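Asker: Residue numbers (this note's numbering), protein chains in the order written: chain A, 2 to 346; chain B, 2 to 346.
Don't take each hint at face value.
What the hints assert, rightly or not - With a straight-line Cα cutoff of 25 Å, these simulated DSS-like cross-link-like pairs (lysine-lysine) come out:
id	chain 1	residue 1	chain 2	residue 2
1	B	K46	A	K125
2	A	K264	A	K335
3	A	K46	B	K51
4	B	K140	A	K140
Note that these hints are calculated values from the structure, not bench results.
Bear in mind the structure is a predicted one, so any value in this text is a computation, not a measurement.
2 protein chains.
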Amino acid sequence: MLEDKNTTSIESVGEFGLIDLITNGLTTTHPSTLKGIGDDAAVIKTEEGKCMLVSTDLLLEGVHFDLSYMPLKHLGFKAITANVSDIYAMNGKPTHATVSLGISSKFSVDAIEEIYQGIQLASKHYGIDIIGGDTSTSKQGLLISVTVIGEAAIDDVVYRSGAKENDLICVSGDLGAAYMGYQLLEREKRVYLSTPEIQPDLEGHDYILERQLKPEARKDLIETLKGLSIKPTSMIDVSDGLSSELMHIAKQSGVGIVIYEDKLPIDTTTYNMAREMELDPTMCALNGGEDYELLFTISQADYDKVKNNADISIIGHCVNKSEGLSLITKSNNKHELKAQGWKAF
Amino acid sequence: MLEDKNTTSIESVGEFGLIDLITNGLTTTHPSTLKGIGDDAAVIKTEEGKCMLVSTDLLLEGVHFDLSYMPLKHLGFKAITANVSDIYAMNGKPTHATVSLGISSKFSVDAIEEIYQGIQLASKHYGIDIIGGDTSTSKQGLLISVTVIGEAAIDDVVYRSGAKENDLICVSGDLGAAYMGYQLLEREKRVYLSTPEIQPDLEGHDYILERQLKPEARKDLIETLKGLSIKPTSMIDVSDGLSSELMHIAKQSGVGIVIYEDKLPIDTTTYNMAREMELDPTMCALNGGEDYELLFTISQADYDKVKNNADISIIGHCVNKSEGLSLITKSNNKHELKAQGWKAF
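Only chain A is shown next, with the shape it has when bound in the complex (with noise of 0.2 Å):
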């Protein structure tokens, strides 16, 4: 069981490679499944023309989140966010959610109750009803493990195999200030703990800050869409940054891709705060993930609808797939886009 020198190890083949691994083995039997592992929800006809969107997430202490400074309600809220965010990447409606939660010994009935209330007031933001779960001890620190069900009509769900060459790809609102956030809250704690009497330094920042510990998920644009209507060719949600979705929509559209380092909606306070820490802002906007804003593609016949919408940012468009994936920068140079992906292995 253990590593030894006839075994894989995990990091050798990463995240993505062992999901490959391990999907390739299954198969699916069923005719209502419409659509198995491999796209931000799995997609289960139920009655004619509707189906059901069933999505899950994992999120770990200390690798997901980290409770110096994520309040416990907080965490609750958000980890019901980057679930329902799932069911929007497919043009769906979130209706329902499971949540098992593992509980070390450290914490309090109270400190769990703070984690629900989050919960509560993420599954009334989301219009979701909580309908089962699991507690158990853990051994070490806490885990939160939610699954989202939500429900669309089959011809309105997007996947991200859909984008054709020419499309335009649109990004909602902005990128890198949820990356950004964590980083100023890394460099405060970091302060902290070497210098306990100097309080954090945390004014001023509230919008990455909020990215970053209060996220919501962009239902308000699936409604914006409909009302456009506007059916994206392809969408995904931004959760591990926006090089790794791009990667994904290429991939499973069999596509190429330009996007313009230009294009790219950053906030004011996010590329302050990069250039105060010495980072390069599209870094950060490209791979800083938890942005949970929605990517997509649309023909260009509905680029009149979208191009005076203040909270979408079309940022390039598709190309033939011989072409890969490029980004040009503000200086016109070409540059392969890489995906860095999110907390990998």
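Assemble the complex: chain A is given as a structure, and chain B must be docked to it using the hints.
Answerer: Then chain B, alone, in the frame of chain A:
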């Protein structure tokens, strides 16, 4: 966040107390939510007359399984078994599942593939599609979170709450064997740890070992009951232990319960091993857990249909709520039944 004198410890309220506290605040709003938290699975209406069943379970290394004797393939199989068992306990048919894994660095790709071999085997055995999941690195050990989805006609669903006074209490198969398998494995592990040159003595104990390491959910029993034209008045699967499950049925149905020690189905090998270890076989059957048998109540009118079925034992009957829960011993004494729960906080 951490416990201090002003907070309530989880130990002081217990697992069921914690679940009560958490779920008290949760309300459901979707008319499709026929049953939320509180039964083996949630029940969500899909199309006219049909529903979806949803159940989820968390399995943590060091809490629910010990990899020093649990083969990874068996672990994968058991993780699915524990979940589909909840769907059968609603008189439903499991159809789909998601599987999330948290994996520490001690595991190789080969180890993960072994777990998935077990999951795949189980998915074929129970006829379910694995439609999604999440994989993450974990700081300590292995964790598996499974959510299973099933289907049923709304009228066929059996809840914990339908038992009536005078109903007969039935259980499938036999009880306590998984627990004795666990005791045997733990004993041999202790011997091995203190005297590594001694090989584990597991010969001749196939049945109890298999019940612990490779339990099967009672898909066949659901078919048997359909064949006999029996719809139980209430049902639950035996995962925490018979006593604990009887309490759930009594509480949710608003009945009292009488069971008879001499009616409890205990396999000879279970009985002998308990004696060898100086344990009371009856206590093992009552509180052992992990049997994955089905405990159900039927109307007395159905007595003739089950009386000759060797796989179903009638162990008692429901009485007025005021009479509480009791066990009539072989020497005809009456003892109050107490649930110990299983691996509680």
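Asker: Okay, which hints does this one fail, numbers in order?
Answerer: Those not satisfied: there are none.
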